[in-house]
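Visitor: Each chain, written out:
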Amino acid sequence: MKAAVTPIVITDADFLKFREFFYRKTGIHFEENKRYFVDKRLIDRIEATGAENFRAYFIALRFESDGAELQQLVNTMTVNETYFFREVYQFDCLVKDMLAEVVRHKRRGERIRIWSIPSSTGEEPYSIAIYLLERWPLINDYEVEIMSSDIDTTVLSAAQRGVYSARSIGQLPKPYLDKYFRRLSDNEFAISRDLVAAVDFSRVNLSDANDTRKFRNIDVIFCRNLLIYFDDLSRRLAAEAMYDALSPGGFVCLGHSESMSRISALYTVRRFPDAMVYQKPMQGDRP
Amino acid sequence: MGLRKTSETEPLHQVIGREFPRDAHGLSAQLRSPDAELRRWAARDLADHPECARVLGVQLQQESDTSVREALFTSLGTIATQDSVTALLPMLRQEDAQLRNRAIEALASMPRAVAPRIEALLHDTDVDVRIFTVNLLGELRHEQVPQWLMQVLAHEKNVNVVASAIDVLAETGQPEHVAALRAVRQRFSHDPFVGFAADMVIARIEAP
Numbered sequence: 001m002k003a004a005v006t007p008i009v010i011t012d013a014d015f016l017k018f019r020e021f022f023y024r025k026t027g028i029h030f031e032e033n034k035r036y037f038v039d040k041r042l043i044d045r046i047e048a049t050g051a052e053n054f055r056a057y058f059i060a061l062r063f064e065s066d067g068a069e070l071q072q073l074v075n076t077m078t079v080n081e082t083y084f085f086r087e088v089y090q091f092d093c094l095v096k097d098m099l100a101e102v103v104r105h106k107r108r109g110e111r112i113r114i115w116s117i118p119s120s121t122g123e124e125p126y127s128i129a130i131y132l133l134e135r136w137p138l139i140n141d142y143e144v145e146i147m148s149s150d151i152d153t154t155v156l157s158a159a160q161r162g163v164y165s166a167r168s169i170g171q172l173p174k175p176y177l178d179k180y181f182r183r184l185s186d187n188e189f190a191i192s193r194d195l196v197a198a199v200d201f202s203r204v205n206l207s208d209a210n211d212t213r214k215f216r217n218i219d220v221i222f223c224r225n226l227l228i229y230f231d232d233l234s235r236r237l238a239a240e241a242m243y244d245a246l247s248p249g250g251f252v253c254l255g256h257s258e259s260m261s262r263i264s265a266l267y268t269v270r271r272f273p274d275a276m277v278y279q280k281p282m283q284g285d286r287p
Numbered sequence: 288m289g290l291r292k293t294s295e296t297e298p299l300h301q302v303i304g305r306e307f308p309r310d311a312h313g314l315s316a317q318l319r320s321p322d323a324e325l326r327r328w329a330a331r332d333l334a335d336h337p338e339c340a341r342v343l344g345v346q347l348q349q350e351s352d353t354s355v356r357e358a359l360f361t362s363l364g365t366i367a368t369q370d371s372v373t374a375l376l377p378m379l380r381q382e383d384a385q386l387r388n389r390a391i392e393a394l395a396s397m398p399r400a401v402a403p404r405i406e407a408l409l410h411d412t413d414v415d416v417r418i419f420t421v422n423l424l425g426e427l428r429h430e431q432v433p434q435w436l437m438q439v440l441a442h443e444k445n446v447n448v449v450a451s452a453i454d455v456l457a458e459t460g461q462p463e464h465v466a467a468l469r470a471v472r473q474r475f476s477h478d479p480f481v482g483f484a485a486d487m488v489i490a491r492i493e494a495p
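Those protein sequences? They're chains U and F, same order as listed. Quick note: the first sequence, position 2, residue 2 per our numbering, numbers continuous. Take any residue in the second sequence, count from 1 to its spot, add 287: that is its number in our numbering.
Excised from the complex, chain F in its bound form:
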C-alpha cells in the first residue's frame, strides 16, 4: 500500500461501449436519456455543436436535475450565438431565482450576441423582465451599456426598473449621466427613494 502510480495497463477511464454516437444527432438523443449523468455528458459535449443551441434550450426548459442544468447553461455560454440567446431568454421569466440568475450570468458572458436583443428586452411588457435586463446590464461588458441605462432613466415609467438602473449607475456612472439623473429625480419627485439614490450617485460621480 502507500503511494502508487496509475498502472499503464489500467487507464483512468475506459470506454467500453456507447449507446449513442458522439455526433450532434446522437448527443441530442442522449439529452433525453432518463439517466441524469448521461444527459449531463450530452449537454457538455453539445458545446462543440453550435447548431444544437435550440435543442439545449428546449432541454433547459424541462430539465429538473441541477447538475444537468449547470452543464446546459455552460454549453450555451460556450456556444454564445443568437440561438444561445434565444434559448436563454425564456429563463428570465422563470419563477426560480437561481435559474434566472444563471441565465443572466450566461447572457452576460456573450455581450456581442445579446446586444441586439437589449432594446426589445427594455421594452418588454413584463416589468420583471425589464428589471432583470437592467440587472444584466450591470454585468454586461459592452460599450453601449451607459446609453442603455440613460434610455431607462429617460423613458422608463416603472419606478422599480428606474431604481435598478440607478443602482447600476452607482458603480458605472459617468459625468454625462448627471443630467439624466437630475431629470429622473424630477420625474419621480414623489418617490423619496429615487431622490435619495439619484443624489447619492450624483455625489459619487461629482466627487473630486
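Okay, chain U solo, but in the shape it has when bound:
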C-alpha cells in the first residue's frame, strides 16, 4: 500500500522568513496580498527539488554554493515580459530630466548616446526612439544614437525583423501605432523600417569585459530587469562595465525592483519627479 503523502504547507513564519531572505538577495518585496502567489511557487520548487518540507528546502537554498536554486526561484517568482512603453515613467524621466542634464554639458548638434540592454525583441529600444521623436522637444537639436544589445542572437534577429503581437503594442497610444507600425494581420504589426534602421543592435554579454570595453561615452543606459537574473559577482561585473561605458554624469535606469545601491558603491542615487535613477559622478565629484 502506498504511504500517504503529507501536503507541503507554508506557515506564516515560513513566509516571513522566506520574504526577508528573498528581499535581501533580490530587492523584491512581497506584500501579504501576494501570499498565494509566493506559496504556490515555493511549494512547486520544494516538490521539484524533492525537499521534505519548507525548512529542508530553505536550508538547502540558503547554503547551496552555486546559487542555482536561488536562480530558479528568481525565474519562477518574476514575470519576464516585455512590451512597448513598459515602465513608461522612466521614459518620462528621460525626456524631462535626464536629457536636460546631459545637454547641459554638450554643444548644440553634438551626439547623445543611449544604450538599451538587454534589447530582447526590441520593444525597449524602439520605445525609446518613439518617445524621443514624439516627446523630446530638442530632438532636432542633437544627434541621438540608440544602441541596443543582447546576449541572445535569436532575439536580436527578431528585434531587427520588428514584427510584434497585439499584446506587445497594447500600451502604445493609437496615433503612435498608426504612425510607426503597419498592420500585417489582426495579431501582427510591423514597425517602421526607419526605426529599425535607427537602432544599432549588437550581441553583448554584459558581464564579459571583452564584450563591453568598446562601449564608451554613453549618456544614458537602460538596463531594466536584467541584473535580477544575475548572480552577485556577475551583477557587480555588469555594474563595473556600465560605469566604464558611461560619460561622467551619465545615467543608469534599472527595473523598478532593482537597486544599484545594493550592488555597487560606484553610483550616486538621483531622485527625479518621475523616477529614481543612478548617476556616474562627474569628474571631481568622485570620492
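Please keep in mind that the hints were generated in silico from the structure rather than gathered at the bench. Using N, Cα and C, we set each Cβ at its ideal position, and we do this for glycine too. Don't take each hint at face value.
[To be verified] Derived coverage of chain F by chain U (criterion: at least 3 residues anywhere in the stretch with Cβ under 8 Å from a Cβ of chain U; other residues may be distant):
| hint | stretch |
| --- | --- |
| 1 | 349-359 |
| 2 | 378-392 |
| 3 | 396-408 |
| 4 | 419-425 |
| 5 | 450-461 |
[To be verified] With a straight-line Cα cutoff of 30 Å, these simulated DSSO-like cross-link-like pairs (lysine-lysine) come out:
| hint | chain 1 | residue 1 | chain 2 | residue 2 |
| --- | --- | --- | --- | --- |
| 6 | F | Lys292 | U | Lys106 |
| 7 | U | Lys96 | F | Lys444 |
| 8 | U | Lys174 | F | Lys292 |
| 9 | U | Lys179 | F | Lys292 |
| 10 | U | Lys96 | U | Lys174 |
| 11 | F | Lys292 | U | Lys214 |
| 12 | U | Lys25 | U | Lys40 |
Using the hints, position chain F against chain U.
Guide: Relative to the frame of chain U, chain F by itself:
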C-alpha cells in the same frame, strides 16, 4: 539631427596607443599610474590574471579612489583563489566600515576559497574580526556554516560575537541548534540580551 546610427567609420572607442602592455606585468605597472582611470582599467583587466591577486591586494591597501577600489574588489572576487582571500582578509581590520563590508561581500562570493580560513578567523585575537567573521558566515553559501555557528555558541567567550551568531541563526537556525542555543543561554545567563535573542530563535525554530 534626430536619430543617428553609429557610422561604420566612427567606432565606439578607438585605441590610439598604449603606455602599458596588456599583460600581467604591464597591467601591474599601470596599477601604479597617477591617473585613477588607468588604475581602474588595470584593476579590471587583472581579473584575467589570477597570479596577480597579491598585487591587487597590495593596491587595495593603499588605494584612495572609490572607483578603483570597487574594481579591485570585483577582480579579487572574480579570481576567487586562496591568494584572493589573503589579499582581502586585511580589510577586515579596516576602520572604514564600507571597506570592511565590501571585503565581506567579496569573501562571501568565494565560499570554497574562504572556507579553509574560517577556523583561524573564529579564533582571531581581535574581537571585531571574530564578529565580522560571523557576519561573513551570515552571507556565506557553504554547507559547514551551521557547524561553525555551533562552534561559536559552544566556545566563544565574547558576548558580542555570540550575539552576532544568534542573529545569523535567527534566519538559518535548525532543530539541531536548539540544544546549543539553550546551552549558550545558560552560559550567558547574566546577559538578558542573549537570553532574549536565544529564546526568540528557539521559538522560531520550534514554530509548527
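Visitor: Against this structure, judge whether each hint is valid.
Guide: Verification of the supplied hints:
1. Chain U is given as covering the stretch 349-359 of chain F, and this holds because 5 residues of the stretch bring a CB closer than 8 Å to a CB of that chain, at least three being needed.
2. Taking a C-beta to C-beta cut-off of 8 Å, the stretch 378-392 of chain F contributes 3 residues in contact with chain U, enough for the three needed, and the coverage statement holds.
3. Check result for the stretch 396-408 of chain F against chain U: holds, 3 residues qualifying (beta carbon to beta carbon below 8 Å, three or more required).
4. Chain U is given as covering the stretch 419-425 of chain F, and this is violated because 0 residues of the stretch bring a CB closer than 8 Å to a CB of that chain, at least three being needed.
5. Counting residues of the stretch 450-461 of chain F whose beta carbon lies closer than 8 Å to any beta carbon of chain U gives 3, which meets the minimum of three for the stated coverage.
6. A hinted pair counts as satisfied when its Cα atoms are at most 30 Å apart, and lysine 292 of chain F with lysine 106 of chain U qualifies at roughly 18 Å.
7. For the given pair, lysine 96 of chain U sits about 59 Å from lysine 444 of chain F by alpha-carbon distance, which is inconsistent with the 30 Å threshold.
8. For the hint linking lysine 174 of chain U to lysine 292 of chain F, the alpha-carbon distance of about 27 Å falls within 30 Å, and the restraint holds.
9. Note on lysine 179 of chain U and lysine 292 of chain F: the hinted pairing holds, with a Cα-Cα distance of about 21 Å set against a maximum of 30 Å.
10. For the proposed pair lysine 96 of chain U and lysine 174 of chain U, the alpha carbon gap of about 22 Å is at most 30 Å, so the pair holds.
11. Of the pairs offered as hints, the one joining lysine 292 of chain F and lysine 214 of chain U holds, with about 16 Å between alpha carbons and a cut-off of 30 Å not exceeded.
12. Pair hint lysine 25 of chain U plus lysine 40 of chain U holds up; C-alpha atoms about 20 Å apart against a cutoff of 30 Å.
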